[in-house]
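K.L.:
Next come the chains, spelled out residue by residue.
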Amino acid sequence: MKGNLHPLTKFMRLSLKYFKKYGFEIVEGDEIESEWYNFDALNVPADHPARDVQDTFWIDSQDKRVLRTHTTGSELHYIKSSALKPPFRLVMPGRCYRNERTDMTHEHTFYQIDGIAVDKNINLTNLVGILSGWIKDVLGNNVKIRVRPHLFPFVEPGMEIDIMLADGKWREMLGAGMAHPVVLKNMGIDPEKWNAAMWGPGIDRFAMLKYNISDIRRFQSQDLRFLKQF
Amino acid sequence: MKISYNWLKEFVDIKVTPKKLACDLSLFGHEVEEIKKTGNDFILDFEITPNRGDCLSVYGMAREIAALYNLKIKSNITELPKEENIKRAININIKNKNTAKRFSAVIVENINITESPKWIKDRLLALGIRPINNIVDITNYIMMELGQPMHAFDYEKIAGGNFIIRNAKSGESVVTLDGKKRNLDKHAIVIENGKKIFDLAEIMGGVNSQIDGKTKTIVLEAAIFNPVMIRRTCKSLNLQTDASYRFERGVDPYGTIYAIQKAISLIYSLNSKIIIGKITDVKSENITLNKIPINIEKVNNLLGSKLTLNETTKLLAKLNFEVNNNVVTVPSYRTADTTLWQDIAEEIARIYGYNKLGLKNISSEKSKVNLRFNYKEYFKDVLAENGFTEIYSYSFSDKKLLVNLGYKLSDIEKVVNGLSPETEYLRPNLLPLLLSAIRKNPWAPEVKIFEIGKVFSKNKEKWQLGIAVTSKKGNEIIDIIKKLNINGEVKKVDQSILDYLKIRRPVYYFTMDFADIKMQNKKYLDVFEPTYFHDISEFPPTIRDLAFIADKNADALEIKNNILKIDKSILIVELFDEFISDKFGKNKKNIAYHVWLEDLNKPMTEKDVNNITDKIIMYLKNNYRANLRS
Numbered sequence: 001m002k003g004n005l006h007p008l009t010k011f012m013r014l015s016l017k018y019f020k021k022y023g024f025e026i027v028e029g030d031e032i033e034s035e036w037y038n039f040d041a042l043n044v045p046a047d048h049p050a051r052d053v054q055d056t057f058w059i060d061s062q063d064k065r066v067l068r069t070h071t072t073g074s075e076l077h078y079i080k081s082s083a084l085k086p087p088f089r090l091v092m093p094g095r096c097y098r099n100e101r102t103d104m105t106h107e108h109t110f111y112q113i114d115g116i117a118v119d120k121n122i123n124l125t126n127l128v129g130i131l132s133g134w135i136k137d138v139l140g141n142n143v144k145i146r147v148r149p150h151l152f153p154f155v156e157p158g159m160e161i162d163i164m165l166a167d168g169k170w171r172e173m174l175g176a177g178m179a180h181p182v183v184l185k186n187m188g189i190d191p192e193k194w195n196a197a198m199w200g201p202g203i204d205r206f207a208m209l210k211y212n213i214s215d216i217r218r219f220q221s222q223d224l225r226f227l228k229q230f
Numbered sequence: 001m002k003i004s005y006n007w008l009k010e011f012v013d014i015k016v017t018p019k020k021l022a023c024d025l026s027l028f029g030h031e032v033e034e035i036k037k038t039g040n041d042f043i044l045d046f047e048i049t050p051n052r053g054d055c056l057s058v059y060g061m062a063r064e065i066a067a068l069y070n071l072k073i074k075s076n077i078t079e080l081p082k083e084e085n086i087k088r089a090i091n092i093n094i095k096n097k098n099t100a101k102r103f104s105a106v107i108v109e110n111i112n113i114t115e116s117p118k119w120i121k122d123r124l125l126a127l128g129i130r131p132i133n134n135i136v137d138i139t140n141y142i143m144m145e146l147g148q149p150m151h152a153f154d155y156e157k158i159a160g161g162n163f164i165i166r167n168a169k170s171g172e173s174v175v176t177l178d179g180k181k182r183n184l185d186k187h188a189i190v191i192e193n194g195k196k197i198f199d200l201a202e203i204m205g206g207v208n209s210q211i212d213g214k215t216k217t218i219v220l221e222a223a224i225f226n227p228v229m230i231r232r233t234c235k236s237l238n239l240q241t242d243a244s245y246r247f248e249r250g251v252d253p254y255g256t257i258y259a260i261q262k263a264i265s266l267i268y269s270l271n272s273k274i275i276i277g278k279i280t281d282v283k284s285e286n287i288t289l290n291k292i293p294i295n296i297e298k299v300n301n302l303l304g305s306k307l308t309l310n311e312t313t314k315l316l317a318k319l320n321f322e323v324n325n326n327v328v329t330v331p332s333y334r335t336a337d338t339t340l341w342q343d344i345a346e347e348i349a350r351i352y353g354y355n356k357l358g359l360k361n362i363s364s365e366k367s368k369v370n371l372r373f374n375y376k377e378y379f380k381d382v383l384a385e386n387g388f389t390e391i392y393s394y395s396f397s398d399k400k401l402l403v404n405l406g407y408k409l410s411d412i413e414k415v416v417n418g419l420s421p422e423t424e425y426l427r428p429n430l431l432p433l434l435l436s437a438i439r440k441n442p443w444a445p446e447v448k449i450f451e452i453g454k455v456f457s458k459n460k461e462k463w464q465l466g467i468a469v470t471s472k473k474g475n476e477i478i479d480i481i482k483k484l485n486i487n488g489e490v491k492k493v494d495q496s497i498l499d500y501l502k503i504r505r506p507v508y509y510f511t512m513d514f515a516d517i518k519m520q521n522k523k524y525l526d527v528f529e530p531t532y533f534h535d536i537s538e539f540p541p542t543i544r545d546l547a548f549i550a551d552k553n554a555d556a557l558e559i560k561n562n563i564l565k566i567d568k569s570i571l572i573v574e575l576f577d578e579f580i581s582d583k584f585g586k587n588k589k590n591i592a593y594h595v596w597l598e599d600l601n602k603p604m605t606e607k608d609v610n611n612i613t614d615k616i617i618m619y620l621k622n623n624y625r626a627n628l629r630s
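Just so you know, the sequences run in chain order A and B.
What the first sequence shows, in the numbering used here, is residues 1 to 230, in sequence order.
What the second sequence shows, in the numbering used here, is residues 1 to 630, in sequence order.
Don't read these hints as lab results, they were simulated from the structure.
Take these hints with a grain of salt, some might be off.
[What the hints assert, rightly or not] Below, computed lysine-lysine pairings styled on BS3-like, alpha-carbon distance capped at 25 Å:
1) A/K228 to B/K440
2) B/K366 to A/K80
3) A/K120 to B/K9
4) B/K502 to B/K491
5) B/K2 to B/K235
6) A/K228 to B/K473
7) B/K366 to A/K144
8) A/K2 to B/K522
9) B/K568 to A/K228
10) B/K72 to B/K9
11) A/K228 to B/K454
12) B/K607 to B/K621
13) A/K185 to A/K21
14) B/K273 to B/K157
15) B/K20 to B/K2
16) A/K185 to B/K291
17) B/K291 to B/K169
18) A/K2 to B/K588
19) B/K118 to A/K85
20) A/K228 to B/K602
21) B/K9 to A/K2
22) A/K136 to B/K366
23) B/K2 to B/K36
24) A/K193 to B/K291
25) A/K210 to B/K15
Quantities reported herein were computed from a predicted structural model and do not represent experimental measurements.
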């Protein structure tokens with residue numbers, strides 16, 4: 001009898017296959033991250049509402065650590081601690097956490113594939129090119145995509161990408177942008193010489209669309225009726 | 001942030017429907033979450049990002065709309081009375097310089113406190129603001145229209161007209177308009193007259209300077225307070241008001257005088273007998289416009305555009321950014337959020353259109369191999385290929401179960417602020433989660449599961465492999481770890497633990513840290529058959545085992561896939577046995593399936609189940625000449 005891979009494992013691999021084709025190296029990081037890498041390094045100011053205690057799981061320790069709320073901080077941590085020199089392309093898949101109540105569309109445990117491409121001339125149109133290529137690769141060539149300006153403190157310019165659902169409505173799917181100069185500095189990279197395109201999609205919602213899953217909690221449900229269908 | 005469509009039209013000739021407007025503004029960076037019709041108006045509910053304090057008003061959003069559609073902004077200020085030389089005076093002293101950049105105020109005499117006219121009340125009510133009296137309502141109206149928070153004080157209650165603006169000292173307090181006594185710390189900004197504190201600056205007014213039915217003379221104030229101090233005070237008092245919300249996000253430092261004038265013109269239009277004094281305007285620092293040098297090549301290199309300086313100048317002019325000799329002057333209301341050339345680049349992209357910039361592929365390249373990642377994925381492939389199902393469990397584990405398993409809670413990494421008790425302790429090992437998975441699937445004929453994930457101990461996290469089976473001897477695990485080329489002890493779960501979890505069958509498990517596994521360079525699968533999930537029922541499934549005698553050449557997997565299509569109640573079909581033997585006849589084999597059945601709407605009856613199994617039996621008989629083994 002054959003067993004089964006988890007749908008998020010499958011979805012992750014399909015996505016990574018796309019990114020690997022463009023030379024993105026897969027790296028991983030710790031799920032418990034320092035407050036500095038999770039927030040400060042990403043230009044999220046100390047007085048920003050995103051720091052509010054209720055959105056983040058804080059670890060019981062003296063040194064202010066959190067369950068990472070995204071893989072972006074881990075990515076920076078990796079770049080800085082390995083003193084990576086540009087140009088480079090990285091993707092960081094991994095588990096992230098938000099301290100929130102769960103329902104059909106909210107989970108305190110979710111997954112992201114952060115990505116970053118640092119180069120002299122990489123630009124906003126490349127960023128849209130990479131991401132729409134990925135979305136079409138995993139969800140099909142017919143999917144309609146649009147881009148909207150949006151604020152994330154770690155990018156400038158920043159954007160959100162929407163896709164059109166079967167009912168004709170736009171659904172926000174991911175945030176991206178060109179790295180903010182402060183963030184580049186925090187990685188040890190000179191913002192006057194290098195550009196960086198970066199993004200951080202939660203992939204659960206993509207997998208839900210791809211596999212027709214209506215309840216995000218199924219992923220961690222441990223229910224074999226769910227798991228054995230994949 | 002709610003804004004009225006008709007109110008917007010007072011400032012800009014919008015020619016599109018509210019729905020089209022909402023769609024266009026979304027693509028311009030201002031998402032509209034809801035459009036609600038009220039009477040002959042529409043209320044648009046915007047999600048304004050925290051950097052755009054300038055858009056938290058009708059006028060501010062009208063500016064954006066004017067830029068978007070290339071329209072002119074209109075002024076709706078009406079007639080102003082002449083400023084008079086009046087006897088009463090105000091003295092403003094910004095004692096702690098960084099509490100306020102600017103403080104503007106004016107005395108208005110001959111006030112009559114009444115109800116507001118219906119049109120003002122209606123506008124406020126539509127935005128969720130409770131009307132109070134004509135003066136308070138007008139200050140709120142101005143805040144909604146221009147984004148400048150304002151306050152009106154009863155002049156007679158602040159004897160002497162002194163306004164001393166300073167940080168509070170610890171131990172000081174003020175009773176705010178909601179009747180609550182607020183104890184203050186050094187971040188709070190207060191206004192006093194030398195004798196008493198009468199205002200908690202722009203968070204909420206003080207009761208002791210409040211306007212009442214007898215008020216005849218007021219001071220109208222519009223100021224620019226320190227956003228960080230306001231935010232800290234709001235957080236420590238657990239209090240947020242429409243005014244503090246705007247201050248935290250940045251208020252136009254050039255806008256105070258215009259706001260006061262607009263307020264006066266409104267009061268005057270309702271009561272032409274008022275007398276106004278001279279507007280007093282005090283600044284604690286030189287207020288200037290941001291000037292940012294830009295290099296058009298750098299902008300193009302960041303955006304992937306091919307704009308000339310001339311085109312850029314024209315685009316930016318729509319947003320009131322002026323370009324002279326490669327230096328951009330930022331409009332006053334964008335002072336807080338526009339400080340870098342990259343901020344200017346975003347404005348250029350926004351007004352040009354993100355979608356119009358287009359997209360370009362990047363070059364294909366070879367990527368470096370991540371040995372550990374590949375090895376973990378290769379393990380998953382081997383396990384799945386050999387009948388194990390991958391689970392993803394939460395990184396948290398049940399406190400009682402941990403204690404039962406012999407863990408000391410003080411050794412376990414802990415979350416301090418989880419919303420539920422289930423998210424308190426991080427898993428030190430995968431075993432508790434593997435066990436909970438077995439408990440959750442009592443109906444599964446046999447459970448063979450694995451997980452590869454992080455486990456946590458104090459200040460340390462590790463990748464771990466965990467495998468568990470329900471089986472008499474655990475041989476399945478012994479076989480698979482041999483295939484994975486790893487060694488370790490396969491353990492039986494203690495009966496007391498199984499009893500505690502109400503698991504009614506023996507369980508064997510194996511866990512190993514990846515740090516202890518010697519890794520090789522391996523590949524993993526990344527091509528899969530398309531899968532489409534069928535939702536699962538809240539009622540337990542029924543599982544039937546069906547064994548057939550079929551031709552030796554029959555494709556058992558093809559049969560499995562075809563059985564799935566026979567009825568929508570068939571959720572999962574698992575081939576669990578296949579072998580050739582002469583005892584079934586020449587060139588025959590035995591194939592056996594677990595068939596998982598469910599009904600989304602009700603528990604399945606014996607009759608439902610029999611109907612479906614009959615269908616499956618008939619199907620195999622007719623299409624594969626396969627007969628049910630009795």
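K.L.:
For every hint, state whether the structure bears it out.
P.N.:
The hints, checked one at a time:
no.	hint	verdict
1	A/K228 to B/K440	14 Å, holds
2	B/K366 to A/K80	23 Å, holds
3	A/K120 to B/K9	45 Å, violated
4	B/K502 to B/K491	19 Å, holds
5	B/K2 to B/K235	23 Å, holds
6	A/K228 to B/K473	24 Å, holds
7	B/K366 to A/K144	29 Å, violated
8	A/K2 to B/K522	21 Å, holds
9	B/K568 to A/K228	16 Å, holds
10	B/K72 to B/K9	11 Å, holds
11	A/K228 to B/K454	23 Å, holds
12	B/K607 to B/K621	21 Å, holds
13	A/K185 to A/K21	28 Å, violated
14	B/K273 to B/K157	22 Å, holds
15	B/K20 to B/K2	17 Å, holds
16	A/K185 to B/K291	23 Å, holds
17	B/K291 to B/K169	37 Å, violated
18	A/K2 to B/K588	22 Å, holds
19	B/K118 to A/K85	66 Å, violated
20	A/K228 to B/K602	22 Å, holds
21	B/K9 to A/K2	65 Å, violated
22	A/K136 to B/K366	21 Å, holds
23	B/K2 to B/K36	10 Å, holds
24	A/K193 to B/K291	22 Å, holds
25	A/K210 to B/K15	39 Å, violated
Consistency with the previously given hints fails for numbers 3, 7, 13, 17, 19, 21 and 25, ordered from lowest to highest.
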